[in-house]
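Engineer: Residue numbers (numbering that gives the first Met the number 0), protein chains in the order written: chain A, 0 to 642; chain B, 0 to 353; chain C, 0 to 207.
None of these hints come from the bench; they were simulated from the model. Please note: incorrect hints may appear among the correct ones.
The list that follows gives simulated cross-link-like pairs (lysine-lysine, BS3-like), each with its CA atoms no further than 27 Å apart [stated by the list, open to error]:
(1) A:K622 / C:K98
(2) B:K206 / A:K339
(3) B:K74 / A:K414
(4) C:K23 / A:K613
(5) C:K51 / A:K613
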Amino acid sequence: MSSVAQKKGFGAQVWDFLTTVDHKKIAILYLASGTLFFAIAGFEAILMRIQLMVPNNDFMSAGLFNELLTMHGTTMLFLAATPIIFGFMNAIVPLQIGARDVAFPFLNSLGFWMFFFGAVFLHLSFFLGGAPDAGWTSYASLSLYSPGHGIDFYVLGLQISGAGTLISGLNFIVTIITMRAPGMTYMRMPLFTWTTLVSSSLILFAFPPLTVGLFLMLVDRMFGANFFDHTMGGNTIVWEHLFWIFGHPEVYILVLPAFGLFSEIIPVFARKRLFGYSSMVFATILIGFLGFMVWAHHMFTTGMGATANAIFAVATMAIAVPTGMKVFNWILTIWGGSIKVTVPMLYALAFIPSFVAGGVTGVMQATAPLDYQLHDSYFIVAHFHYVIVGGIVTALFGSAHFYWPIIFNRALSEKLGVLTFWVFFIGFHLTFFLQHFLGLMGMPRRVFTYMADQGWDAFNMISTIGAIMMGVGVVLLVINVLLSIKSPPVNRRDYWGDGRSLEWALETPLPFYNFKQTPLVRGFDPYWIEKEEGNEEGMVYAEPLGDIHMPNNSIIPLGMTIGTFIAAFGALYSPWGDQAIAGTADSLSKAGSLTLLIGGLGITVACMIIRSVKDDLGYHVTKAEVEQTERALAEFRAKGGKR
Amino acid sequence: MMKGLKKWRLFGLLAALTVFLSACGEDYLSTLRPSGPVGQEQLNILILAVVVMTFVVIVVSTIYLVAFAKFRRAKVGENFMPKQVEGSHTLEVIWTVIPIILLLILAVPTLTATYKFADVAAMDEVNENGDPTALTVNVTAKLYWWEFEYPAQGIITAQELVVPTGEKVYFNLKAADVKHSFWIPAVGGKMDTNVENVNKFYLQFDKESEGLKDGVFYGKCAELCGPSHALMDFKVKTLSPEAFDAWVAAMQDTEGATADVNSTDAGEAAFANSCLSCHAVSAVAGAGVGPNLTAFGDRNRVAGFKDHTVEDTVDWIMYPEENKPGNLMTGKYNVTEEEAQAIAEYLMTLKVED
Amino acid sequence: MDINQKFTPQNWPKHAETATQEGKNKFVGLWIFLASDTVLFASVFATYLALKDQGPVGMEFAAKDLYELPLAFAMTMLLLFSSLTSVYAMYHMKNYNFKGVQTWMAVTVLLGFGFLCLEIYEFNHYVHIGFGYTQSAYSSAFFTLVGTHGLHVVIGLVWISALIIRNAKRGLNLYNAPKYFMASLYWHFIDVVWVFIFTVVYLMGVLG
């Protein structure tokens with residue numbers, strides 16, 4: 000049973016990861032696949048920047064550029080940022096609340112595989128006739144017009160991975176509601192857990208509109224429905240609303256956990272309690288709530304009328320207030336503290352001004368009349384990259400350094416980390432700061448080229464140089480990760496020395512059941528409290544040592560996912576679609592398409608029935624086995640982590 | 000030593016100034032150098048917003064930098080144990096109330112301008128003869144070109160919008176195929192052209208375009224609309240009201256103009272053979288399949304972005320797909336290089352201005 | 000938790016559905032799922048309302064003349080009663096009367112199946128008179144809204160049937176009690192959604 004006692008063969012290890020329901024292993028799967036897609040999307044960005052380096056460049060064709068800009072946006076948001084954040088949530092949240100696993104380990108696995116196969120499906124488009132090319136927003140008139148299967152890949156891939164995201168979101172909400180250790184009240188939860196809860200709730204309410212929108216697009220393109228075909232009574236503005244009702248909260252889905260991560264990092268390296276905890280919680284909830292009230296600010300130029308524009312403008316401005324509260328609370332946390340500038344803290348310190356810059360340009364765009372000028376120009380490109388790179392990517396990079404010891408029992412190099420930080424950070428500002436001005440100088444976004452002498456040449460060149468620097472930064476980070484594999488194991492608790500929340504009370508490597516006894520939480524920052532009282536163990540326990548109930552591994556989630564994956568091909572090559580009928584997209588015969596569609600869904604349903612009919616009660620790790628595992632781990636640590 | 004430092008200072012100042020000036024962009028294209036009250040008001044809001052936001056950034060950065068400078072561990076000592084404060088209600092109230100006040104300052108001009116820019120009531124006003132008092136232009140965005148119809152004047156043109164200075168010009172905006180967005184950065188903010196409804200707004204042009212670098216303002220499509228989205232440019236010529244009236248009259252005079260298949264001009268004959276079914280050469284002809292070419296010779300660009308020369312026109316006629324991928328003209332006709340040359344020369348003669 | 004533990008009506012817990020950690024998780028999880036599903040239906044409802052009566056120029060179908068209220072009313076009654084019978088099943092579960100649970104759940108399935116048959120008849124009728132899925136934006140929106148609900152009914156029927164079959168030999172225990180409870184809760188949700196469909200689509204449709 001022990002996770003360290005015996006070394007497994009390669010095949011057994013692969014099988015273990017395919018069937019695992021352990022949140023720590025699923026976290027690794029999320030992190031690894033998220034990083035892969037992050038690298039792909041980053042590479043796409045660099046290719047686009049090379050194309051835009053000089054005016055009238057012919058480095059790539061217009062069609063390819065549109066495919067890359069679509070895939071870059073879609074991949075970064077859905078397939079890179081989301082899974083990496085899920086990776087951290089999976090790895091850390093159960094530890095922070097003192098749980099042995101998530102509420103639905105089976106669904107956790109299902110969520111990951113749905114995300115992963117959806118992502119793979121979307122990327123197959125590059126090899127099967129061309130990627131989607133209507134932008135990540137995929138506005139209906141253009142996406143209906145787009146020939147080939149690109150948009151179909153977008154719709155089906157996002158449908159599958161979106162279902163995975165929804166499932167994972169639901170799982171986190173239930174986990175945080177029901178699985179908290181005794182004493183872990185809501186107002187003692189670490190802020191990362193809080194932001195996970197709020198962001199998961201946003202997923203819960205934001206993804207259904209996307210699901211509906213994608214479904215309407217799916218049946219429009221592949222089965223002849225008429226939701227967006229205005230000659231048949233359809234309306235493309237419906238898509239815009241559905242997309243942005245999802246799309247705006249999506250930003251907060253990503254940025255709130257990033258806030259949470261920084262709210263963990265900053266107190267540790269300031270050696271000081273998070274300032275204004277309860278107002279931070281309140282601000283998080285308020286941002287989540289307001290995040291749903293403002294979607295139409297993406298549509299100020301759509302022609303909604305003055306009243307709608309005015310309402311959404313004011314509502315959008317209101318979000319600045321709770322966000323501002325957060326920023327001041329972070330600054331007041333370091334005020335009077337003892338700041339140690341490690342790599343995670345470096346990212347946190349860089350985050351504050353970068354994110355403030357992204358925030359204030361956001362308020363500028365909330366002023367509707369001004370947005371008429373800024374909308375769909377390079378200004379908005381600069382703005383949302385300041386928010387996403389300055390806010391989210393810095394959080395992910397910083398947290399990678401911060402939590403690496405817990406997740407992998409290894410530490411990333413600080414030296415290389417500092418170098419990575421500066422290269423990436425300077426590259427980031429070089430790339431995006433001048434883009435504000437490009438927008439103000441009249442450069443529309445999503446252009447594959449531009450004429451010389453419109454005053455844009457120099458800034459575009461500088462922007463490309465910055466993008467390449469960011470690329471170098473990412474490569475350095477990957478090198479750091481690879482080097483960490485060979486570095487000595489950490490084998491300790493509280494790697495950074497000033498850990499405050501429960502996850503730092505655990506000694507790495509963690510046993511598969513996390514806590515041999517469920518901890519008793521005696522206040523906010525429980526590990527800090529125990530340390531202050533000189534408790535060597537780092538926690539007090541709520542129960543005596545006894546049997547531990549754990550969930551069984553299962554291959555069924557993978558089976559269910561493969562079923563949907565096959566069915567998606569059936570829909571993709573549907574002969575009933577407008578493009579298929581027009582001959583602008585290849586299709587299967589009716590029988591072939593239906594076989595794939597029904598067969599694939601049949602596999603999924605069959606897996607569900609097997610799951611339903613079979614009793615799956617999990618298993619018990621006996622007290623003796625727990626003791627043996629703990630001994631083996633202690634021995635392992637004593638030997639310096641060598642097997 | 001001091002001298003060198005001074006030089007560097009001067010150099011730095013100059014460099015900063017250069018960046019600052021170049022950051023304003025070109026007067027025919029930049030939102031920072033507006034040529035009309037709409038753009039000017041938008042710039043004013045921008046300046047107000049920048050002032051407010053700069054204030055915010057300065058306050059945040061100051062507190063932040065002071066905190067960072069004062070409380071580094073190297074300074075406070077390795078063993079310093081900070082006081083574990085929970086928070087402060089007073090501070091919370093301060094940094095909630097002040098941003099709200101700042102936002103209110105910003106919200107007032109936002110709301111007034113939002114309603115002002117949406118006021119198109121004048122479009123329906125008529126004088127005692129029943130003629131509309133305001134100039135209205137119907138803009139139709141099509142896959143990679145723009146059609147401009149002047150309904151009250153009964154004329155139509157493409158790719159180059161001609162408007163009078165000093166009065167509000169109203170626009171009816173619509174897309175014929177996929178969604179586009181109509182944007183003249185130097186004059187005012189954009190509005191989308193949707194496929195299912197007509198959007199209305201107005202702009203006002205206060206400066207004659209004569210003196211600009213190319214003699215025109217630049218217009219852009221701001222909504223991704225396919226491969227050639229980046230090439231879907233148009234130009235705006237602003238004329239004095241008198242010159243505009245003369246232009247309208249000249250356009251109206253082209254009524255009935257056409258190209259003759261039997262013309263002695265080889266270009267006209269070839270044009271009549273291969274192009275006329277889509278492209279009209281009379282401004283009173285109504286909407287065509289392709290851009291109306293009545294005023295082709297007066298234009299500033301070919302296909303919206305190529306140089307206005309016979310050479311580039313030939314290149315465009317012969318290789319449309321290479322020039323503007325995804326356009327709807329490719330493959331609709333068959334002309335030889337010589338014919339294209341003749342057509343281009345003929346097109347250059349199509350002028351209504353002197 | 001021991002699956003083999005046999006209960007009597009005396010020692011059967013008052014809230015069997017949440018007596019175990021798994022049961023609690025499922026209980027919270029299903030409620031949260033229903034919240035999410037509500038938003039899904041809200042989106043489809045909004046789409047329907049936006050596209051109601053919208054079609055190609057000269058479309059002959061309008062909500063005013065299309066729907067047949069008596070049929071929709073019959074469907075409503077079937078579904079409402081099926082909700083009631085699932086309440087009976089839950090009542091018997093509280094008393095550890097497994098036979099009662101199975102019987103009333105079976106009645107629920109039958110009523111639900113009746114509803115589904117009427118819906119299929121209705122759809123078939125519309126297609127027959129030319130109001131097919133691809134006929135107009137209105138038809139696409141109608142079939143999508145009502146069909147999404149229909150799909151939920153199908154899933155509910157399969158779910159409850161599977162429960163009845165798989166537990167026939169097992170009897171009631173703390174492992175499957177939450178499953179019955181969740182299925183019943185889900186079924187109520189379907190019923191509530193239908194009430195909205197009946198109001199928004201059929202009643203408001205006929206009234207114009």
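Engineer: Decide, hint by hint, whether the structure agrees.
Structural biologist: Consistency of the hints with the structure:
1. A:K622 / C:K98: Violated, because 39 Å separates the two Cα atoms, which is more than 27 Å.
2. B:K206 / A:K339: violated (58 Å)
3. B:K74 / A:K414: holds (21 Å)
4. C:K23 / A:K613: Distance ~20 Å between K23 of chain C and K613 of chain A Cα, so the pair holds.
5. C:K51 / A:K613: Violated, at roughly 45 Å.
Checked against the numbered hints listed earlier, the structure breaks hints 1, 2, 5; every other hint is satisfied.
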